[in-house]
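*Asks:* Residue numbers (my numbering), protein chains in the order written: chain A, 1 to 150; chain B, 1 to 150; chain C, 1 to 83; chain D, 1 to 83.
FYI, nobody ran anything at the bench for these hints, they're computed from the structure. Keep in mind the model is a prediction, meaning the values are calculated, not measured. Watch out, some of these pointers could steer you wrong.
Unchecked claim - Just some of the chain C residues that point at chain A, by a computed CB distance under 8 Å: (1) Trp8; (2) Pro37; (3) Gln59; (4) Ala62; (5) Phe77; (6) Thr81.
Using N, Cα and C, we set each Cβ at its ideal position, and we do this for glycine too.
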Amino acid sequence: MIRVQENDFDVGLELKKLTANNHSIGGVASFLGLVRDIASEENITAMTLEHYPGMTEKLLSEIEQEAHQRWDLDASLIIHRYGRMEPGEQIVLVVTCSKHRKDAFESCEFLMDYLKTKAPFWKLEETSKGGKWVDARDSDDDAATRWLKG
Amino acid sequence: MIRVQENDFDVGLELKKLTANNHSIGGVASFLGLVRDIASEENITAMTLEHYPGMTEKLLSEIEQEAHQRWDLDASLIIHRYGRMEPGEQIVLVVTCSKHRKDAFESCEFLMDYLKTKAPFWKLEETSKGGKWVDARDSDDDAATRWLKG
Amino acid sequence: MKILYFAWLRTSIGKSTEEITPPAEVKTIGDLLDWLPSLGVNYSTALEKRDLLRVAVNQEYAELDHTINAGDEIALFPPVTGG
Amino acid sequence: MKILYFAWLRTSIGKSTEEITPPAEVKTIGDLLDWLPSLGVNYSTALEKRDLLRVAVNQEYAELDHTINAGDEIALFPPVTGG
């Protein structure tokens, strides 16, 4: 399941809904991304996430589908917010549920790596010196590359 | 922080408490273990987790400390329950918070692998045919072995 | 065709979307990126560094040799920074 | 010394803890595992498969050659299955 939304989300509630009535799930891996206030030299007072409506949903659905093909998953969830957020706020949540913890962990990491390098979101940081578009990081590309199939 | 307890826990609340007022945390990886109803051939109606009070706390604290030495972590939490639980109930929660998602993911997986092979807990499954002690799995040993330092 | 700009490409070019009708010899994404700078200095400045450009055609990532058609939705944007 | 049994070792031996005073020649964990079966058939049956036994001395995992002392807390249990 994927959701691209401006509103905040409740992690506990999302986990409960995802696992409810499915007692074959043994492990739930999740990753929650938060707004940091020290991403660049200047203190960040807030950031705005711009996205490409339509393509975002399409791409996240495709990545999710691929994860279900590559790992034995019972359920999964990707929530990504857009709009203005302050330090400490929740940006992204990826949850994967499986019988086996290895499948849950690996697919969760795979989804985050792909999302970081492919999902059409752009961060504009508000700092004490004004707005600044965040640069993409090579380390994210490297992280995504390791999932490429030989 | 570690907690060994009989009571259930609230994942959303635990994540909030762990990340509150620390805006240098960019990523929170977590793993939630649930009681499955199909671990053995017979349907499981419930299970009882026995543990070694004292040694459990000692060992979990040591593993947590090691994770903080090996990865750049801002905060972490291990909760493990003991006592009787029914399918779908929460058994274990491991949460790791870091500036970087790779550190959060790796340390979370490390903690789960070690906990699975070292923490003194034993599962007694109640099935339609009576009580049955769960056998340890070689795959868990293999998973833990990969973290051994050369 | 419809063209969309995101992030600093949007602020640099000064619009988020527009309808364009490139000449017939513009057949691929590469051709389009060669032609767009002729529209003005805001375009030529924004599109200066090719390796900082990502392109999607009809909401799928596309390479420079991808053929474009009149009805396409083409998006230009910098490397993504979500998550 | 105090000895603790967990999981099927506990149910098989029939007690969760006891105070024991092994003879002076019992100096290591290995010696202890050789001597315990002499206490009864419940012990000899439970301790039959050495590779299914894990041992902790004073709440730390210990190997067969670990020396034991009168004041020690020694725990015998099967491979763990938590998490």
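*Asks:* For each hint, tell me whether it holds in the structure or not.
*Replies:* Hints, one by one, checked against the model:
1. Trp8: Given a least distance of 5 Å, the restraint on Trp8(C) holds.
2. Pro37: Constraint on Pro37(C) not satisfied, violated at 21 Å.
3. Gln59: holds (4 Å)
4. Ala62: With Cβ-Cβ at 12 Å, over 8 Å, it is violated.
5. Phe77: Cβ of Phe77(C) sits 6 Å from chain A, so the hint holds.
6. Thr81: holds (4 Å)
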